[in-house]
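**Student:** Take the two lone chains and join them into the complex the hints point to.
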Amino acid sequence: MKINIKINNLNKTFNIDNYGISLLDLLRREGYKSVKKGCDTGTCGVCTVLLDGKPILSCSLLAIKANGHEVTTVEGVSEEAKIIAEYITAEGGDQCGFCGPGLVMAIMGLKNENLEINSESVKEYLAGNLCRCSGYEAQHRGIMKYLEVEK
Amino acid sequence: MKEVKKSIPKVDGVGLLMGKPAYTNDLAPQDALIVKILRSPHPFAKIISINTDEALSIEGVECILTHKDFPKKIFTRAGQGYPEPSPYDKFVLDEYVRYVGDEVAAVAAINEEVAEKALKKIKVEYELFEPVLDFKKAKDSKIIHFEKEAHSMFEIGFNPERNIAASYNMNVGNVEEELKKCDVVVESKYYTQPQAHVMLEPMVATSFIDYMGRLNVITATQVPFHIRRILSNVLNLSINKIRVIKPRIGGGFGGKQAIHGEPYVAMVTLKTGKPAKIIYTRKEVFEATYSRHEMEFNIKIGADKDGLIKAIDVDVLSNTGAYGEHALTVFMVAGSKTLPLYNKVNAVRFGGDVVYTNLTPAGAYRGYGAIQGNFALESVIDELAEKLKISPVEIRTKNMIKEGETSPIFKIMGEGREGVEMNIQSCKLDYCVKRGMELIKWNEKYPKKAYGNKIRSVGMAIAMQGSGIADIDMGSAILKLNDDGSFNLLVGATDLGTGSDTILSQIAAETLGVSTDKIIPYSSDTDLTPFDTGAYASSTTYVSGNSVRIAAENMKKMILEEGSKNLGTDKVHFNGEEIIRDDNKNKISLKQLSELLYYSMNQKQLVADGSYVGKKSPPPYMASFVEIELDTETGKVEVINFVSVVDCGTPINPNLAKVQVEGALVQGIGMTLYEDINFSNGKMRNNTLMTYRIPDRRDVKKLTVEFAESYEPSGPYGAKSVGEIGIDTPPAAIANAIFNATGVRIRSLPITPEKVFKAMEMKK
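For the protein sequence lines, the chains are A and B, in the order given.
Numbering-wise, UniProt numbering puts 84 at position 84 of the first sequence, and it's gapless, one number per residue.
Numbering-wise, UniProt numbering puts 242 at position 242 of the second sequence, and it's gapless, one number per residue.
Chain B extracted, bound-state conformation (with noise of 0.2 Å):
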């Protein structure tokens, strides 16, 4: 292989370090109107009325929308697969707000000082109603979503009148009856909180109507073509009368993976028939848009004496907030991720149900759900090698899956549906043990060494994620030759920083045989670029990197025929640069073979496509070991060493694979020791960057990732996903060497320091 398996740097690398213009923000036409939300003080009340007289006064104001204002239309913020298994229960300006921060007016204004004046003398009446605030007593009481126009569009469990978004349940053989026959049994309650993405450029988006009367919207999204179908619906539009294009996104990890400011601008630009612009301020971000779900797993797990897994039973209780966005989704990845790890059991029982809260409503956020069910599993893994007395590597090690296994559970548990049946053609998670023990030196560290009040201790913890959504998500491509010889790619697939683009350079690359810089790629552009489902689910490098492969074959092809055309013969090949006759007697360049092709000789342009859908969704794996120093006088915790061993398959670009394993386990780092969204009566009280506080780069003492060699056969040259797996594994990683170090098991995150002295002092 000679262009996939490389590291070359990104192609926009350099050109967005040296501050290319390139984000919505930096294309926005200069004139736009400038559009501001009124969001809701209170948690839960009905508007009785907006007085928009006074602001609408205001030199400089254009329009305000209310409620009024839109057509009636329901639908739900979450950019998923048509149609989506989240319910249908929001409407873009309504008479009733569910949470602080839920929109009650947009302005739109020549400049942000007059919107924000404009926005202080807009009136409100509203009827305040008892707003529900802790998820675990939401079930059954005051009903949040009446309206009735709302609705699931298939069977996901909603039960708005309960105030349950959605619920599933599955079981495969007796989980009662397997418990009771094992030796050992551990039942555990484990808890993890809300977070926020915090990708560094806030939700942005603009619009205009351009010379052939479309209405165009540049927007930072993961979803482009999500975000056109969901436009057409809620602003009764045609879809061919909506372009959308995605600029450079600056970061996203599911935050982006919805529609936020886009039907504001739109509608403004659509009354006004002005362009408009929405940046959201962090804290609307905070505040307004959404974070990680909120969760409660009361986990029982049950083994013979030889430490044989045989039964796991797992009951969750998942926090949606004010609406429901991927729901049923998230829930279902907390087990279809995490419970194919332990195959060899006889009973496995999962479900439970997502409320609706007053509170942000939570939404898509990288690892989405795995890495709260894995937090749960990996933890009371460790809890019952403990009862059991022997290690956690060994405990792993003899029930984890291994390749050319399977697990029954991939058959019934899919993402908001049933999945698909697969056997593991690809799973090194045993070397992925063996070397990270090498690496972390675990022989020699486990389980703890002290020194005076510090103590240095070793815990780990296994994963596994997907590789896109069998048989939902779809990628395609178009490959153009160019008259120099070179290739335009044309992907649906949205690059949000990852390197996507880049690595799907180097799959057509590959295919062609040419080198990496005759790609030119272009992404998600919803006029120009072929339909792509979008960047999530960890499916852009396996499921577009797939449509990128074939719509390269199917160049490839062209240009062997029309050099056959030329050189007379059938019996001809093609080297990268020139197409030969395979007896060597006559040959012809790319760049000559193009330039006859488009100037004077049969003339023909070629172009060629690819579509893919997974048909299966091969799961990457990780084996993480941490090494903590836990300080006994006041329980501060701090990773010295990350060791992550991961198998993708083939990581095209292996700087790039590690790039996302490492900011992934920094994501996670953070969320296990401190990042923690606090509601004080359903107000967010750390909606800044001053008071949520994200790692920086003094927190980073030392990552080391390290891939394992394997071959996914049914991925684009060997390769997996790699995008969300690296933030599953330090929650139970840390959790578990905290254990080692103390004896003291935290089962809800963060494991603040004042959680762990807490717990030690009690143990004492």
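Next comes chain A alone, as it looks inside the complex (with noise of 0.2 Å):
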């Protein structure tokens, strides 16, 4: 079948004859690479994506039920993310960067949501995209200082 998915703001269209692909793996197929496969079953979150502004594990999403959606990955938000990444890093957060463009992402989605910014709350937030390099507390010093800067 055909699905339409607005992805970066451009409208494309995708044959799919295996219903059961994931937006992950289509993801990665089209050549977003930025999408990062980790567990399996949705749980470390380095499949992060925008779905219509909230965060979704793409590795847990049926391909066609993106269908009418809009879809942001990482590439399509390179300044904004650029901006966080430099946050980051300047805290030593990054490590292996493998969790990077998913956490990102669902920073992006924490942003576009109305919550009361605070420690608690931005881990409580954050807390399904895993990292085992960092120990978390230097990502977290770069995303409190985004978040506070940048609100």
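None of these hints come from the bench; they were simulated from the model.
The structure displayed is predicted, hence computed values, not measured ones.
Every residue gets a Cβ at the ideal spot worked out from N, C-alpha and C, and that includes glycine.
There's no promise every hint is true.
Over the 12 Å line for every Cβ pair with chain B, so calculated as not near, a few chain A residues [said to hold, decoys possible]:
{"#": "1", "residue": "Lys6"}
{"#": "2", "residue": "Asp52"}
{"#": "3", "residue": "Gly53"}
{"#": "4", "residue": "Ile64"}
{"#": "5", "residue": "Lys111"}
Subject to a maximum C-alpha distance of 30 Å in a straight line, what follows is the list of computed BS3-like cross-link-like pairs (lysine-lysine) [unchecked claim]:
{"#": "6", "chain 1": "A", "residue 1": "Lys145", "chain 2": "B", "residue 2": "Lys2"}
{"#": "7", "chain 1": "B", "residue 1": "Lys448", "chain 2": "B", "residue 2": "Lys763"}
{"#": "8", "chain 1": "B", "residue 1": "Lys441", "chain 2": "A", "residue 2": "Lys123"}
{"#": "9", "chain 1": "B", "residue 1": "Lys148", "chain 2": "B", "residue 2": "Lys123"}
{"#": "10", "chain 1": "B", "residue 1": "Lys117", "chain 2": "A", "residue 2": "Lys65"}
{"#": "11", "chain 1": "B", "residue 1": "Lys68", "chain 2": "B", "residue 2": "Lys121"}
{"#": "12", "chain 1": "B", "residue 1": "Lys283", "chain 2": "A", "residue 2": "Lys123"}
{"#": "13", "chain 1": "A", "residue 1": "Lys82", "chain 2": "A", "residue 2": "Lys6"}
{"#": "14", "chain 1": "A", "residue 1": "Lys82", "chain 2": "B", "residue 2": "Lys2"}
{"#": "15", "chain 1": "B", "residue 1": "Lys454", "chain 2": "A", "residue 2": "Lys123"}
Just some of the chain B residues that point at chain A, by a computed CB distance under 7 Å [as the list claims (entries may be wrong)]:
{"#": "16", "residue": "Asn655"}
{"#": "17", "residue": "Met690"}
{"#": "18", "residue": "Val700"}
**Tutor:** See the structure below:
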């Protein structure tokens, strides 16, 4: 079947013959290499993208379910992503970087919501974005600085 | 120092966070065949027959490999120096399977769906054997490795007839006699569980034949040069026909210090001539790569009534699972990276066996033996203090190693062989303890305070590690001057996320006197970069860092020499931008000089190299203090603040060093409180991230990491390593805090609420 997804502000049409394909696999197949695959069970967060502005796990959404929706990957928001990345790298919180693009998208999702920003609410919101390298603290320092300065 | 001791951001950080294609799977050829492995559902069996006819007939299946398709070359998956101190006990594909997840066959197909369909159509007939599943009963039970080809490269105590992969025994003085003379003796048994690495990028490898007919392998590995050597052996292909490229890696922690999917993609490419790619599922990462060695310690320690420790006796049993990767070395490190902490003893004994079982193999994992040994030793030290009625701080301060001292163990125990003698030229452990006490407010908080059903308490532990493996680990570097005065830095060292590309660039810049942005690093490509043993054993900053320093010194000499020719005198100096006559009469910028060198005069490319092998392995040291909150109604333990003060010599990049420690602490806290691999009849029960939980950001309340002012004369700009040490202290520090809270001692990891609660009930 044919599906239409607006990806990073561009309308795209894809032919889907395997109805079981996840949005993650479709995105990677189509060259959006920022979207990583880490766990197969929707638990690590490295495949996070925005669906209509909200962070979702692209591994856990069938591509056909994104039909008619808007998907944003980090490639589509590179200016803002660069700013976030600079805050995190300034603290040394990037390390292997594999969780980075997914984390950046979750942070953008967090910014889109009208949440009260404090240390606890930020940790809670981003809890699904795992990182095994940094121990989270350096990331957290960078994220809090970004949110406080950029709000 | 201008460029080192400076927290510049990682050179690759922003690009990675912006999602630029950089990892193996991003760079794999689009048309690569997808390789999937059929894995054994049985812990121990012989393959009687494999029928692949139906699977091969599926459209899109290109080839299926079984044990008949690989040369019968026995090897070890461990990516170590050569000859390896791990037994050669594995074939890439074998007619025997020795754990649930062991490889049976490999399928290559045009896509994942077809490959998976084909896997289901392969018919395998097995003869089942009784598996060995309890490591405490493994010795002298049913033999797991009976293949005649199995052997060790040198004497490691390999004794497959007894199910022993390696064994080791050492002693200094007479432990029995010394213990008899002691006023106080403590004897205890400790257990540490298998732990999973959970690096976020799974194992992934891709291969293709290039236009020169050579096999190219791009792989997420910590050890590209070892991969090339091992592939050459198992494929019967000479080293010069193989190129191994390491792109960015999504974490490793030792999990990628071995060969995993590389032989399968390589063989598919050799057979079909087509590119191939393998990506491990998370389940495969759990079940079919490897985990931390499970260990049991029987430890005896004795002291006089003044609290001076006189003798330590450690007997260890380690479980290597179905294959013996790192069996001996991890075992030895459990002693060699813990026992020298208490160097004033009269007698030490350390020894035991590493046994085979029919479980997922154990292998290299950050902390590598040290964390296991540290839990046992640093817990028993607190037990001894309790018996002597002195504080945990006092017993350590009295007995621990100090700057300028040594330990006979350094010479006796290396990794897999004898060690090297060394005097400790940098050790600020006394400062680390003092500062850690201040930061946690030990004197106010020790031992505990109760608040209703909650108890807050503190505990501590100290640790040491090493900096590379002395006389074995080798690093090398090449610097090339470009025609704009910038430099390419080519290193075999493998940045797996630690920031070593950045740190090595800082070292090169410092030596040359230029700014770090003038250095363009490129790491780990066996065709392009010089040799390096790889990123493990906390070696990169120390070993590879020294090689970079040497290369940069050589480059500086060349620049001065060419500058002298240009300026017509030997008396010149280089300030990072210009080469200037000492009498200030003339000067030339590096950019002008390089333009002249390459385009018009004395045309000559400036290339410098440097190699280094550590003549010793100076330990970093640390003292950790933890504050916990323990719920007496549930036994739940929460880490409120974890304070670590670390002596890693000069931190080349303080931010990156700090994050190395913070990340390691959180991994250690996970291992202490809940990470645990469980097996049921040989099958891993928690083989997903749903069932194997690692810490998330809510679990981290507060981490406080500081560095001691320290300088290691043998390190580049005074640096020692910092990659592993951070993981070592959480188990003992937290267990000690739990004892201080409750009087209950938990001697087996992980320390679950259930264990704490039950122990408290028993005590009532």
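**Student:** Which of the stated hints cannot be reconciled with the structure, identified by number in ascending sequence?
**Tutor:** As far as the earlier hints go, not one is violated by this structure.
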